[in-house]
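Participant: Taking the hints into account, I'd like the entire structure generated from these sequences.
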Amino acid sequence: MARQTVKQSAWPWALLAVLAATGLAAALGLTQDPYAQDFMARNQGPSPAHWLGTDQFGRDLMSRLMAGAWLTLSVAAGATLMALLGGAGVALAACMIGGWVRAAVFTVFDLLRTLPPILVGLAIMTALGAGTVTVIFAIGLTFAPLFAYIASAAYDRERLAGYAMAARLMGGSTLSVAWRHMLPNIAGALITQAAIVMPRAVTTESVLSFLGVGVAPDTPTWGRIIAAASEYAEEAPLSLAVPVLTLACTTLALSLIGHRLRRAERLDPVPEATP
Amino acid sequence: MNTAIVTRSLVVTARMLLSIVAIAFVVFFLIRSIPGDITDLYVASGDLSASQQERMRSELGLDAHVFEQFQVWSTQAMQGDLGKSLRFHTSVAAMLLDALPHTLTLTAGALITGLSLGGLLALLACAFPTGRWRRGVELLNVWSIAMPSFCIGIIAVLVFSIWLQWLPIRGQLLTPIIILSLDVAGQVAKPLYEELMDITRRGFVRTARAKGLGNWQIVYRHILPNAAAVVISLAGVIFGNLIGGTLTMEIVFGLNGVGGLTFTAIQGRDYPLVQAGITWLAVAVVIMNQLARMASLWIDPRLRSIK
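Sequence lines, in order, name chains A and B. All residue numbers for the first sequence refer to my numbering, where the first residue is 1 and numbers rise by one. All residue numbers for the second sequence refer to my numbering, where the first residue is 1 and numbers rise by one.
Please keep in mind that the hints were generated in silico from the structure rather than gathered at the bench. Being a predicted model, the structure only gives us computed values, none of them experimental. Yeah, the Cβ is synthetic: ideal placement off N, Cα and C, and Gly gets one too. Fair warning: there could be bad hints in the mix.
Computed footprint of chain A on chain B; a stretch qualifies when at least three of its residues, placed anywhere within it, have a C-beta under 8 Å from a C-beta of chain A [to be verified]:
id : region
1  : 21-30
2  : 148-162
3  : 235-242
4  : 263-270
5  : 283-289
Facilitator: As structure tokens, then:
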């Protein structure tokens, strides 16, 4: 049977490239200062000086959006990475110890997976206080179970596989077998899962920041920009529409990439109509 | 009565109770770990001196160990006393009960509309496998994964309330229910469609047809019970996502539900209310999840033997 081909359109990647480039430009300081306030030019529409207009403190919206691209994507990527390393690492360790430790760890993961990410994020962030590092931690924690299940399923499947037995017979310790032989085997599945989690991490950060418990108040992630603009939705609808649409397009692009990777991985085979 | 079902149901119930206690404790602990308590607020506003603060702390039991505090709190909570709101000085339980009908309307409305829409679409895609309905299922699935209800909610406010001025900005239920039900439909339609396609190819359907059963009877007696198991096994996850969505929608559309109340409480640093609100929502999700698990056991005998 021929390998199922997955139709690829390039726009999600193109959009991500544009976001990365603008984000980088903002990080390198090539834009206007996203923090500079101009009280003479508050809530303005688009103009040659401010291409997308200004917010309620007269800060240039375009620069803030560009800086936001950098911050939003790096917070989400950091959270996804933390979920991957933490989730898979803890799961593999628990599997190797086995017994009641494994049962206890997975009971916690089970409970965590049941709860909606926003609720968990809300509880943790209320306690820890708004901040970039804490929000990465909170989001990473909520998505860790998704990686833990992949790692534990792979561990059970591969533990008795020929190559793992061979490695063990040649004197490899449990740790080295897991690290050198099993991890490379499940890396693909973990990376695909990361691609699926990434857009959800972007959304979760945005919602938490929108609710005021995400990143610190002056950090211009998209959620914060949206929160600020939503107070002036009637006076300056454009300042709200642009960041919301940017966020929606970004999560759409990221989700499509994840969706395709998953189909290509055949983790989620979709019956294709025969022509 | 099948003993396997009873044993499994007991295990599920025990796990549920354990989860509820765990959640209640973690939320309690998290809220207690916020630096500063009520007495600090009074000191900051100049109403208390340092020695009075110590006395007030011990009167309120705030100097006790966190486990002892939790014991006191949970005993009261089980008697329906969730404490008093710091801002409104009214009973937290009463405030939550007032807010509950709004949340229930939103959740139930979205769940019923979404499940009907998703189920109908999956059935149509299965009955007419020409591709158009199937593409609809696929599209709705991508929509529910990719479009955060939070963004769609704000866009809906911008378009329908500010630009077209058809609907009020705050306090209406129509748009949030539509948005959340699309979310639910997208999550349920695709797995259901795949399951339906899978079932129609099974041997027992062919046997039923060979016995001379009509199409309706096959669908009704053989296909739908099997497909229902899939929907019910998904129900827990879908409900969890729905509670997350409800929380956001209540805030975006300014509804006075449990989520909206919790949000106002977070902004006002009204911790007893925050704690109770978050615990309520989390416990609701856990209960629904375990109910779904139990229902799956009743419906699907295949699950009973699996540990």
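Participant: Taking each numbered hint in turn, which are not upheld by the structure, reported in ascending numerical order?
Facilitator: none
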